[in-house]
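Chains F and U are the protein sequences, given in the same order.
Position in the first sequence counted from 1, then plus 101, gives you our numbering.
Position in the second sequence counted from 1, then plus 310, gives you our numbering.
Keep in mind the hints are simulated off the structure, nothing from the lab.
Beta carbons: idealized from backbone N, C-alpha and C, even for Gly.
Incorrect hints may have been included.
Taking lysine-lysine and the DSS-like style, the derived pairs with C-alpha atoms no more than 30 Å apart in a straight line are [unchecked claim]:
hint : chain 1 : residue 1 : chain 2 : residue 2
1    : F       : 306       : U       : 543
2    : U       : 543       : U       : 312
3    : F       : 191       : U       : 546
4    : U       : 436       : F       : 378
5    : U       : 513       : F       : 304
6    : U       : 481       : U       : 553
7    : F       : 304       : U       : 553
8    : F       : 253       : F       : 337
9    : U       : 312       : U       : 436
10   : U       : 481       : F       : 177
11   : U       : 505       : F       : 304
12   : F       : 177       : U       : 546
13   : F       : 177       : U       : 543
14   : U       : 553       : U       : 505
15   : U       : 372       : U       : 352
16   : F       : 177       : U       : 372
17   : F       : 334       : F       : 257
18   : U       : 352       : F       : 306
19   : F       : 378       : U       : 318
20   : U       : 505       : F       : 306
21   : U       : 513       : F       : 378
22   : U       : 513       : F       : 306
23   : U       : 436       : U       : 481
24   : U       : 553       : F       : 306
25   : F       : 304       : U       : 436
26   : F       : 304       : U       : 312
Just a sample of chain U residues kept apart from chain F, beta carbon distances all over 10 Å, derived [as the list claims (entries may be wrong)]:
hint : residue
27   : 371
28   : 446
29   : 528
30   : 563
Listed below are the residues making up each chain.
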Amino acid sequence: MADIRTTIAGLQMVNPVMTASGTFGYGLEFADLVDLSQIGGIIMKGTTLHPREGNDYPRMAETASGMLNCVGLQNKGVDYFCEHIYPQVKDIPTNMIVNVSGNSPEDYAECAARINELDIIPAIELNISCPNVKQGGMAFGVTTEGASQVVKAVRKAYDKTLIVKLSPNVTSIADIARSVEDAGADAVSLINTLMGMAIDIEKRKPRLSINTGGLSGPAVKPVAVRCVWQVAKAVKIPVVGLGGIMTAEDAIEFFMAGASAIEIGTGNFIDPAISVKVAQGISDWLDRHHCESIHNIVGII
Amino acid sequence: MKQCKDLKIVAVEHPNEGYVLLKLTDNNPLPEIFAGQFVEIKVENSPQTFLRRPISVNFVDKARNELWLLIQVVGEGTRHLANLQVGDTLNVLFPLGNGFSQGVVGERVLLVGGGVGIAPLLEYAKQLKQVGATPYLLLGGRSAHNLLQLDLFRQYGEVYVTTEDGSMGEKGFVTNHSILANDQLFQRISCCGPKPMMVAVAKWAKGHQVRCEVSLENLMACGLGACLCCVEKTVKGNVCVCKEGPVFDINELTWQI
Numbered sequence: 102m103a104d105i106r107t108t109i110a111g112l113q114m115v116n117p118v119m120t121a122s123g124t125f126g127y128g129l130e131f132a133d134l135v136d137l138s139q140i141g142g143i144i145m146k147g148t149t150l151h152p153r154e155g156n157d158y159p160r161m162a163e164t165a166s167g168m169l170n171c172v173g174l175q176n177k178g179v180d181y182f183c184e185h186i187y188p189q190v191k192d193i194p195t196n197m198i199v200n201v202s203g204n205s206p207e208d209y210a211e212c213a214a215r216i217n218e219l220d221i222i223p224a225i226e227l228n229i230s231c232p233n234v235k236q237g238g239m240a241f242g243v244t245t246e247g248a249s250q251v252v253k254a255v256r257k258a259y260d261k262t263l264i265v266k267l268s269p270n271v272t273s274i275a276d277i278a279r280s281v282e283d284a285g286a287d288a289v290s291l292i293n294t295l296m297g298m299a300i301d302i303e304k305r306k307p308r309l310s311i312n313t314g315g316l317s318g319p320a321v322k323p324v325a326v327r328c329v330w331q332v333a334k335a336v337k338i339p340v341v342g343l344g345g346i347m348t349a350e351d352a353i354e355f356f357m358a359g360a361s362a363i364e365i366g367t368g369n370f371i372d373p374a375i376s377v378k379v380a381q382g383i384s385d386w387l388d389r390h391h392c393e394s395i396h397n398i399v400g401i402i
Numbered sequence: 311m312k313q314c315k316d317l318k319i320v321a322v323e324h325p326n327e328g329y330v331l332l333k334l335t336d337n338n339p340l341p342e343i344f345a346g347q348f349v350e351i352k353v354e355n356s357p358q359t360f361l362r363r364p365i366s367v368n369f370v371d372k373a374r375n376e377l378w379l380l381i382q383v384v385g386e387g388t389r390h391l392a393n394l395q396v397g398d399t400l401n402v403l404f405p406l407g408n409g410f411s412q413g414v415v416g417e418r419v420l421l422v423g424g425g426v427g428i429a430p431l432l433e434y435a436k437q438l439k440q441v442g443a444t445p446y447l448l449l450g451g452r453s454a455h456n457l458l459q460l461d462l463f464r465q466y467g468e469v470y471v472t473t474e475d476g477s478m479g480e481k482g483f484v485t486n487h488s489i490l491a492n493d494q495l496f497q498r499i500s501c502c503g504p505k506p507m508m509v510a511v512a513k514w515a516k517g518h519q520v521r522c523e524v525s526l527e528n529l530m531a532c533g534l535g536a537c538l539c540c541v542e543k544t545v546k547g548n549v550c551v552c553k554e555g556p557v558f559d560i561n562e563l564t565w566q567i
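Chain U with its partners taken away, still in its complex shape (with noise of 0.2 Å):
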């Protein structure tokens, strides 16, 4: 069931000064949140932002109550999440969408982030370890400074990097990456980050024949599907973003890949 409510900010940090991740509480027990769902948070005394922010959920710590929103700093709106102190609150409206598959025993994932895109991935490679799958993580950045949490990645699986600049793990794309080279070592590919990357991943996934997913994040308002704005082209027409998806299949997709 959705909610939207004030949550309690309980940790505020700053991996570097491009990120901010707030650690969010509420008095009572957080709602179930799959992962790949999103939030639409509420940007208060921000006269520049209007419409509420969507950010995926990058972590829920069932043991804390917590949920955890890493947030890449881009504009005025998020330059404000950024200044948010611990006991703040946040109104939140959440969970929104469809979340990346369920996993099932044995089955080994894929798990390819890039930039901020890899926030949603860390929950969904915990979820998937806890269903009893495998992850493997393959995230790219432009450099080392924009590969977070990787001590936290490693927990539930083996880390695979890509930079750009080559300053941490293989130089390129995630694309590129050397893991690649066998495809026989997982069975699908879930994927997050910006569209060329995206494209890319889908592009190689179609070629080998392997099962991906993509999420998208395309502008949007309500985040409920009723404004009709964040639609994506897909076999089946426009259909909304943040109701829809985020996730969807490649196969639903219209890309020319």
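Excised from the complex, chain F in its bound form (with noise of 0.2 Å):
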């Protein structure tokens, strides 16, 4: 049997296997459905310094083997979040990872200060890649410059595991990950959404309220186990990779890359247990093709 435990910058984990933020809610909208102990992570909601209502409806666009989303960080903010949404997840049995995202450096890194201090969350992953909200968020994420200006000030006032999690829709995303894995970041998770657009024909106008939004699904796979294999090779911090995961063969595909763990997203709305069939599947695979552990495969491309 392989053994598919996991280790990233510190953070010990059942399997490979996470949910990314916006798509497994605070994990607690799932726990009838799927074994929440057998997930590696679970990375909750987008939590924000204050509260955000988020963007109007539509908010939501099916497309080819995908969908379109411009949710724009709805979230109750990090007083409600420690005050209330803590005590309910803190004894949830995997690694409660809090993504936060920003208006400015300060915002974030008081955010991250405040997570801080909650015992039981072991890490945090800062979203510099969110290109729904008109500040911040994706204006961070496609210079090096501001990446690496919101890296530092985090990683001043937070002292556990930083996962940055960055945007394809740059020139060279490994040229970002470089930025803040200098600025102090000790993995990196790729890749946000993508910037798309959907209009309705009939009603000749955007099908998201604000014109645009994030592209996830399988329709995005490719492009995002592109930039894991070049964002792989542009640093020595782990490599966390997602996009449009659906099976185990498609995270075997982001090892192979270079990802030494994986998220999944979009999936959880199709099948609300598939994190733990995949973890399973990657297990399979593995036994299938007599390795030990996914250190066999990760990065051998």
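From the two separate chains plus the hints, produce the assembled complex.
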């Protein structure tokens, strides 16, 4: 039997499969449907210093093998998280990771500092790549200077595992990855959604309230694999791969491209138990190919 | 408790070419389902259909352990569902959301449905009658063709019909029906149908000071309150229709009525 236990920048996981932010709520929503202890980590909904109402409806459009969304980081803010959500999630027996977003380096750092005080949160994922908010979000993630500035500010305020989530909407994702590594990131995760658009031709209007949104699902997987491959060649810190993973075979592609762990996002909407099935499928694949662990295949391309 | 499992199709009925009624069963007893709750169906072998399809629960036949889904064929996904056969399985995530208000003994409730929005009202009429309430049914459609299951509805309460083309019942919209002339007849309204119809009913209810709840069908992805795509603006801010709804009291909404 292959050993699929994984350690990423100090985070110990039962397997290399995490659930992506914004697709798995706080884990609680899925508790009836999947054994949460069998998921490597749950990356909770994007959290900001202040509450955000998000964008207007409609926020979603189904597209070929995927979907667009423009949720816009709706959340009740970090204080609400600490007071009301943390007590509900702190006993979930897996790595409960907070995804942190903000409008300024100071916002990010203050939010991260609050999360730093929460005992059982072992890591944060810094979102410098959300395409659906006017300020902040992706604005920081598309230049090496912006990315570096935010990561440096957060690094000073946060001493546990710091994962930085990267945007594919850039000229060179490898350059951005190097800049966040230099600024003190412990790991990078990629890709966030690709900016896209869909039009209702009968209404002659965009399908999304803010016109554009982030594309996710199997449609983006080849782009994600390419990005992971480029970034894994450029940095020494671990790479967490995500983008359209629906099966164990998809996950294996990401490992071969250089990811040491993966996240499943949109797939959770199709099958709430997909993360555990993919983890099992990875183990089976490794057994069939006489691999002792994913280390035998990570970055072989 | 929510489940995600393959249910077996025991009957496929085509009331007419625009609709399909699927009857599903399971080896285990189906969970308790409240009228107004919905399911999310995975549509297999339909490349154009990526996300699950939310469908309201039409009826639960406890004696036969059957769950009924009445589906209007509108696109690729629902066309695929219409072609399923007895013996096929369907992967169903259910029961989701909160249903209509539970009735109380002696309560007179007007159920207003439009088009395929009549579907969840059949189970609701049954549940209301079971608790000793009296459901009245006001069902509207473009034409007689869109009004289904009327004989089943009549088992649970008086049925009133409007059609836009006058092919059945009174001609016009539900809000034009003569039964509304007597606003003392019922104590509250539950409504499911196209948004313009629900807005008109909500407006009528507000004007006549009758409590009213509506079942929304915002576009959704997960059905579990995780993706935050199906939000409706309410007095409490943006909330997920799939989790906080789909049924809302009209006073919780921010509709211009």
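Each hint, compared with the structure:
For the hint pairing residue 306 (chain F) with residue 543 (chain U), the CA-to-CA distance comes to about 21 Å; that is within 30 Å, so the pair holds. Under the criterion of a C-alpha separation no larger than 30 Å, the hint pairing residue 543 (chain U) with residue 312 (chain U) is consistent with the structure, at around 26 Å. Annotation: proposed proximity of residue 191 (chain F) to residue 546 (chain U) holds, straight-line Cα distance about 26 Å (limit 30 Å). At roughly 39 Å between alpha-carbon atoms, residue 436 (chain U) and residue 378 (chain F) are farther apart than 30 Å, so this suggested pair is violated.
Taking the CA atoms of residue 513 (chain U) and residue 304 (chain F), the gap is near 26 Å; set against the 30 Å cutoff, the hint holds. A hinted pair counts as satisfied when its Cα atoms are at most 30 Å apart, and residue 481 (chain U) with residue 553 (chain U) does not qualify at roughly 36 Å. Of the supplied pair hints, the one linking residue 304 (chain F) and residue 553 (chain U) holds, its CA atoms being roughly 29 Å apart against a limit of 30 Å. This hinted pair checks out: residue 253 (chain F) and residue 337 (chain F) have alpha carbons roughly 18 Å apart, not beyond 30 Å.
The straight-line distance between the Cα atoms of residue 312 (chain U) and residue 436 (chain U) is roughly 23 Å, inside the 30 Å bound, and the hint therefore holds. For a cut-off of 30 Å, the pair hint linking residue 481 (chain U) to residue 177 (chain F) is broken: about 48 Å separates their Cα positions. Only pairs whose Cα atoms come within 30 Å are accepted, and residue 505 (chain U) paired with residue 304 (chain F) is accepted, the gap being roughly 16 Å. At most 30 Å may separate the alpha-carbon atoms for a hinted pair to count; residue 177 (chain F) and residue 546 (chain U) meet this at roughly 12 Å.
Pair hint residue 177 (chain F) plus residue 543 (chain U) holds up; C-alpha atoms about 15 Å apart against a cutoff of 30 Å. For the given pair, residue 553 (chain U) sits about 19 Å from residue 505 (chain U) by alpha-carbon distance, which is consistent with the 30 Å threshold. With a C-alpha separation of about 24 Å, the suggested pair residue 372 (chain U) and residue 352 (chain U) falls inside the 30 Å cut-off, and the hint holds. Distance restraint check for residue 177 (chain F) and residue 372 (chain U): the Cα-Cα separation of roughly 41 Å exceeds the 30 Å cut-off, and the hinted pair is therefore not satisfied.
Taking the CA atoms of residue 334 (chain F) and residue 257 (chain F), the gap is about 27 Å. The hint holds against a cut of 30 Å. A distance of roughly 28 Å separates the Cα atoms of residue 352 (chain U) and residue 306 (chain F); the hinted pair therefore holds under the 30 Å criterion. Straight-line distance between C-alpha atoms of residue 378 (chain F) and residue 318 (chain U) comes to about 22 Å, which keeps the hinted pair within the 30 Å bound. Of the supplied pair hints, the one linking residue 505 (chain U) and residue 306 (chain F) holds, its CA atoms being roughly 19 Å apart against a limit of 30 Å.
Of the pairs offered as hints, the one joining residue 513 (chain U) and residue 378 (chain F) is violated, with about 48 Å between alpha carbons and a cut-off of 30 Å exceeded. Simply put, residue 513 (chain U) and residue 306 (chain F) have alpha-carbon atoms about 28 Å apart, close enough for the 30 Å limit, and the pair holds. Distance hint between residue 436 (chain U) and residue 481 (chain U) is fulfilled; the C-alpha atoms sit about 27 Å from each other, no more than 30 Å. Distance restraint check for residue 553 (chain U) and residue 306 (chain F): the Cα-Cα separation of roughly 28 Å lies within the 30 Å cut-off, and the hinted pair is therefore satisfied.
Using a Cα cut-off of 30 Å, the hinted pair residue 304 (chain F) and residue 436 (chain U) is violated, with the two alpha carbons roughly 39 Å apart. Under the criterion of a C-alpha separation no larger than 30 Å, the hint pairing residue 304 (chain F) with residue 312 (chain U) is inconsistent with the structure, at around 36 Å. The non-interface label for residue 371 (chain U) is consistent with chain F: the shortest C-beta to C-beta separation is roughly 24 Å, beyond 10 Å. Every CB of chain F is more than 10 Å from the CB of residue 446 (chain U) (nearest about 32 Å), matching its label as outside the interface.
Under the 10 Å C-beta cut-off, the non-interface status given to residue 528 (chain U) relative to chain F is violated; the minimum distance is some 6 Å. At the 10 Å boundary, the C-beta of residue 563 (chain U) stays outside the reach of chain F, the nearest C-beta of that chain being 12 Å off.
Violated hints for the displayed structure, listed by number in ascending order: 4, 6, 10, 16, 21, 25, 26 and 29.
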